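Q: Following the hints, complete the assembly by docking chain L onto the known chain V.
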Amino acid sequence: MANIISDETIDYVGILAKLELSDEEKEQAKKDMGSMLDYIDKLGELDTEGVEPMSHVFPVKNVFREDIVTNGDIREEILKNAPGEKDGMFVVPRTFE
Amino acid sequence: MSILDMTAVELAAAIRNKEVTVMEATEAVLAQIEKSESKYHCYVTVDKEGALKQAAEVQGKIDAGELTGPLAGVPVAIKDNMCTEGLLTTCSSKILYNFIPTFSSEAVLNLQKAGAVILGKTNMDEFAMGSTTETSAYGETRNPWNPEHVPGGSSGGSAAAVAANECFYALGSDTGGSIRQPASFCGVVGLKPTYGTVSRYGLIAYGSSLDQIGPLCKDVTDCATIMEVIASHDTKDSTSVERNDTDFTSALVDDVKGMRIGIPRDYFGEGLDSEVKDAVLKAAQVLKDKGAIVEEFDLSLVEYAIPTYYTIAAAEASSNLERFDGIKYGYRTEEYEGLHNMYKKSRSEGFGAEVKRRIMLGSFVLSSGYYDAYYLKALRVKALIKKAFDEAFAKYDVILGPVAPTTAPKLGESLSDPIKMYLGDIYTISINLAGLPGLSIPCGVDTKGLPIGLQLIGDCFNEKKLIQTAYAYEKARGVFGRKGDK
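Protein sequence lines, in the order shown, are assigned to chains V and L.
Going by the working numbering, the first sequence opens with residue 1, and the numbers climb by one from there.
Going by the working numbering, the second sequence opens with residue 1001, and the numbers climb by one from there.
Be careful, since some hints might not be right.
[As the list claims (entries may be wrong)] Taking lysine to any residue pairs in the SDA-like style, the calculated list, with each CA pair at most 25 Å apart, reads:
1) LYS26(V) to GLY1271(L)
2) LYS30(V) to GLU1354(L)
3) LYS1288(L) to LYS1328(L)
4) LYS18(V) to GLY34(V)
5) LYS1345(L) to ILE10(V)
6) LYS1345(L) to PHE64(V)
7) LYS1420(L) to GLY1271(L)
8) LYS1328(L) to LYS26(V)
No lab work stands behind these hints: they were computed from the structure.
Note that the structure is predicted; figures quoted are calculated from it, not measured.
Pulled out of the complex, with its shape left as it was, chain L reads as follows:
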């Protein structure tokens, strides 16, 4: 097996067994980046020199017996909204075109402690606002399955990098589907953990009550292994949850006998592509054949999730993005008259159209006179959505459905109509509102040759049920991968 074909866990094992060195793995993946990056543009920044330096250091620690973990020596890509000390972090925005963080995000530090080699920073929708990675100020990323199509978003660079073998795994962040949807479009595994499981310290905030960091990777074993490394209780994040059940790899069990799986009828209505529908239902049948109890039910309120989400996310974004003022870091306009004019001009020139659209909407729904009617109303509906999930999880261990209504659209097709683009988030968004974990795993390829994703949703703190179900499905499905680039 060539190095690039290995999963993260396989590579770490090969390094431990001295079949491969960390330097060989790093050089192999850097060569792959060199070869295919011009085609896909997964990265904003590739830190070749830094990666080679880390590779030598990590190998030294492995040889000295200091690093023995299941990911030691494996090269990883980080979404460009996570701070990395000394390494450019842009959030794919012009307003952070020159920002060099003085600290690293907690999730990145956890990876480094486990012996990760950081390759660089992946492209994304600007400030994670978008579903296609086309709102990046640094150019679009292309889908490795077909470069005419988008990789999804906002963690499109991370998903594409995994699919194109330009890294062994990647970190992404998910506010309304931004890990699961690109994972689905690029044919890789992605997990959005329960809110509070992975520290948000050092993650540049978009919608703080919804944002969560998670892995994008080649298979479910990698997914569980990465989760064990990045999940941590962090006093620097006041919403971090203390959990003592983060031994996620213990759920890598090929058994779904008696697992109660609910399929929401409301996820299979109008707007769902028939090939996606068939592939997802076929996956449900596979689980049923393996002994799961599968039945349909009505989740309710599905159509209200998107307006609720865009109200809350825009409100939080307008507040979170106030910090970009052209004073402490980032872009400052060249000519201005006084302080306020400088703020306004720096922000107007530094932010792209989609970011400005959401800041404007968020400022409006929080403004005096509209706060109750829009923002508080959305928080009330959020409570109803959470209740609907609570009722569902009283009956089911796992909810199964599609990740997105279609496979990856063509480049340039989505941005012209924002509401249409937002509708693509219909199956992923309510999971963030309710704080639930959601996993995306490939379950087929459509007639255009584009991958289809299956979404498994769990109750809060029930990632293990998702991992177990996904693992059992993966065993039955067999190897899933893209041909080419080899």
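Only chain V is shown next, with the shape it has when bound in the complex:
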């Protein structure tokens, strides 16, 4: 029942996770994920046929409010945290030519 994680799987998960792992990290990740999944497979022992997945412990509903602006203009302060800023906007690398 041991889960063997392939290079393809780790590369694919790396894309989903937006992480670039070194070769050494990849090997470790394969090992770690395999052993975690072996452990998680324990849940297979339980019969959950007909059990509704529970995402929230209380019956919560969407919370609505009027679309009214309550915060002030703090653009300058917000942009201070940005690694790149120009003319009141976030700077990102060029995404298309």
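A: Structure of chain L alone, referenced to chain V:
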């Protein structure tokens, strides 16, 4: 009594009675930080200047009669995953090494309205992922009872700061035990409230369906008092619950006659240290002697809580941590080719190993083809775990057990084997899955001189039963504290 020995409530009373000024208290605790911080490293950021400024302002408001609450003027430490306007908030991660929030979390605002003096931000496991505070990017925190040992985690800095008198109380957050376990390891009181009781607005999310803010403090009276201040209904948190039973201090009653207490046999099996077991059962006997009805029962499903938790928490983490992309705030890599490469490099360099491990696992269990088998399966088991607790609480007011299988391990012993580290969460984790409140209170010291914690678990919205039981136990137990640093 020296200022530092006072509980938060005692200090506030002394300030009200003009026996101590807010400035004296703040200076005393800042001096203590100066003295012992090099030994324990409880804080990522100490805001000395800001604390002194707040102390003067708060004293002014107390003198003017504007602040009359039971915590007015008391200095507090905040876990570094709660946003504090204008004060560095790192989540103990390199990826937020320079992040200055433009707003404060609701729990912090509630404290400030009550006249708290914020001392600084406490160290934690990176993004609250860990049980030892060793995954922090800013160095490990040491246990004030023995600096060779970990303080627990992830709110290890908050628990250690309370134990070392480097604050009068602290806020922590608990996703799978992160308040209760460090409280246990550091010999302080900690409470994880019912999900939805304290607003998560401004708490940097890890596992949103599990995260909850709560107090770490010196005794049960402080615990109830802090809870009254931080519990609030907040429209900015869509999972915030409107409660009109948050008068927690009304439960500070020394009486457990007729309180039905259940001890899950499954919490006392293999893996539990015998000294921990003895101390916890002795505490149960104390409650029985005071008139509680104590009996054993089978909770069931205990061994399934950890795999369920790590599936759900990792899934939520992988989604929550997508926001750290090197654009709006935080760390950006120096060299990159194009946008996607910049995302990947910034994140890979900014996150530590444990965070990456959980993001990878979470991305996997949510991915097409595995979502049903892993993520939905875990949500189904969560429903079964909740049902097992519902059945238990039909019979009992309070469930009593250990907080952790052992006392605090030595530094460096836990991180090499993640699954072994995760197993240490076995008694705390299911409480988060079921949304229940859980309280940790010291109940003994082992032969190594390390504190042992007793855990009391209640049904949803039943914090008062926990507070009452803990208060009655505390009265019988007597003063519990560490010697030294005085």
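Q: If any of the earlier hints don't hold here, list their numbers in rising order.
A: Result: hints 1, 3, 6 and 8 break, sorted rising.
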